[in-house]
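*Asks:* Construct the complete structure from the given sequences, taking the supplied hints into account.
Protein sequence lines correspond, in order, to chains B and E. In this text, residue positions in the first sequence follow the working numbering: the first is 1, and each later residue adds one. In this text, residue positions in the second sequence follow the working numbering: the first is 1, and each later residue adds one.
Keep in mind the hints are simulated off the structure, nothing from the lab. On a predicted model such as this, the values are computed, not experimentally measured, just so you know. Cβ atoms here follow ideal geometry from the backbone N, Cα and C, with glycine treated the same way. Among the hints, a few may not be true.
To be verified - Covered stretches of chain E (chain B as the covering partner; in silico rule of three or more C-beta atoms under 8 Å from a C-beta of chain B):
id: 1; stretch: 76-90
id: 2; stretch: 120-126
id: 3; stretch: 190-198
id: 4; stretch: 203-211
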Amino acid sequence: MDSGFDFDVIQRSLSYLFLDGMTFTVTLTLLAMSGGIVFGTLLAMMRLSSITPLSVVAGAYVNLMRSVPLVLVIFWFFFLVPYIGAWIIGARDPVKVGAWASSVITFTMFEAAYYCEIMRAGIQSVARGQVWAGYALGLNYWQTMGRIVLPQAFRNMVPVLLTQTIILFQDTSLVYVISATDFLGAASKVANRDYRLVEMYSFVAVVYFVVSYGLSTLVKGLQDRIAIIR
Amino acid sequence: MNYNWNWAIFLSAEPGGTGTYLKYLIIGLGWTLVTALAAWVIALAIGVAVGTLRTTPMPWVVRLGNAYVEIFRNVPLIVQMFLWFFVAPELLPKGLGDWVKQMPPPWGSYLPAVMCLGLFTSVRVAEQVKAGIMSLPRGQRLAGTAMGLGETQTYRYVILPQAFRIVLPPLTSEFMNVIKNSSVALTIGLLELTGRARAMQEFSFRVFEAFTAATLIYLLTNLVVVLAMRALEKKVRVPGLIAAGGAPQAGH
Chain B
1 MDSGFDFDVI QRSLSYLFLD GMTFTVTLTL LAMSGGIVFG TLLAMMRLSS
51 ITPLSVVAGA YVNLMRSVPL VLVIFWFFFL VPYIGAWIIG ARDPVKVGAW
101 ASSVITFTMF EAAYYCEIMR AGIQSVARGQ VWAGYALGLN YWQTMGRIVL
151 PQAFRNMVPV LLTQTIILFQ DTSLVYVISA TDFLGAASKV ANRDYRLVEM
201 YSFVAVVYFV VSYGLSTLVK GLQDRIAIIR
Chain E
1 MNYNWNWAIF LSAEPGGTGT YLKYLIIGLG WTLVTALAAW VIALAIGVAV
51 GTLRTTPMPW VVRLGNAYVE IFRNVPLIVQ MFLWFFVAPE LLPKGLGDWV
101 KQMPPPWGSY LPAVMCLGLF TSVRVAEQVK AGIMSLPRGQ RLAGTAMGLG
151 ETQTYRYVIL PQAFRIVLPP LTSEFMNVIK NSSVALTIGL LELTGRARAM
201 QEFSFRVFEA FTAATLIYLL TNLVVVLAMR ALEKKVRVPG LIAAGGAPQA
251 GH
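*Replies:* Given below as structure tokens:
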């Protein structure tokens, strides 16, 4: 680096960074969050189920996902999804799946394990008597869960679920390893093209910091507002 | 699934000429552990210091500690990795920066990876240590003062010995996180376990054998860490005290 720093490169690439990169990152985060919470809740219900095979399968899945690095999981799904796709539609050869679809599936499946643990704690935080009261009223399992237990569990766990989502937002930057163009990927492409690594990566760090810090401050505020005084 | 498994691949030689693929992956595990352990030493030293300082009644020290934690917690690990690898050498004085950049592989990526993981993990350790100290009854601190101990002595003889035992289980999972997070170092060229599994897949085209092996090695490592920490917990347990269970927490 001989000519000092050139922060103009950021301004010149702003639209690419945000319209391409940040859109990818945010969409991926939101999709993985929604999918992750749905699958995570189902997994939590399986883990807490009295049907042993269900709880064993769910437990094994969650523990497996939680003991393997995310980078390795991203690689796994990147190569596995084409085969699973072929198996589902009965094709002979692996289907072509791009980095985008692969990322969405990976993060949904991976985060489901983490959301599951949160929802499990949430369900367990609901007083037992609530479940009994539900059954006493003649509701079945799904009605008790859907109308009595889960709404309370969600309410108790909203701050933790959102904190997990902030972590997810940061972790999506790891799609760099499969060359997807998320916010970091876009910045890195510009950085390498113009040889402005210092400026671009510093800018990326600042943007991630501002977004994550802002969101976590909001979550803290929410946590104080919705806390139930017991 | 139309995939022809070939497990014998692990016994054939890898193109680098260092031996079989199996040996190649085991050396990768070695790098993973060496990176994680070095980072863990840094993380524990800084984390315990910052975590403890954040519970003292000195407002500006607490504020400084909070700022440190927020900075390292709100930037993604891979971005921090790039900052250490690409940005930090440019900001150092020229001579030192050039020396860092010219370090022979793998040290050129090892050093930034250790620094990055060490500081990244230190804020997590700091959070756990702070939570551990805060979870002690206020009476412990008061009793220390009542017995005529100074601030430092209260920490040294009353608060920290109890807090360390409380945070042992959460620190175990933080240690496993460092092992897992060290895989991010492959983005700056450190050939640790995940990096080598990926390289093996590129050399041999045996995708799923390579990743299965890496997955199994990670699971085994986790098991060893859990068992070792459980033994440690048992060894340092104070009879009559129950270790506190952790509250639900977000993680990755």
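*Asks:* Mind listing which of the numbered hints don't hold for this structure, in increasing order?
*Replies:* 2
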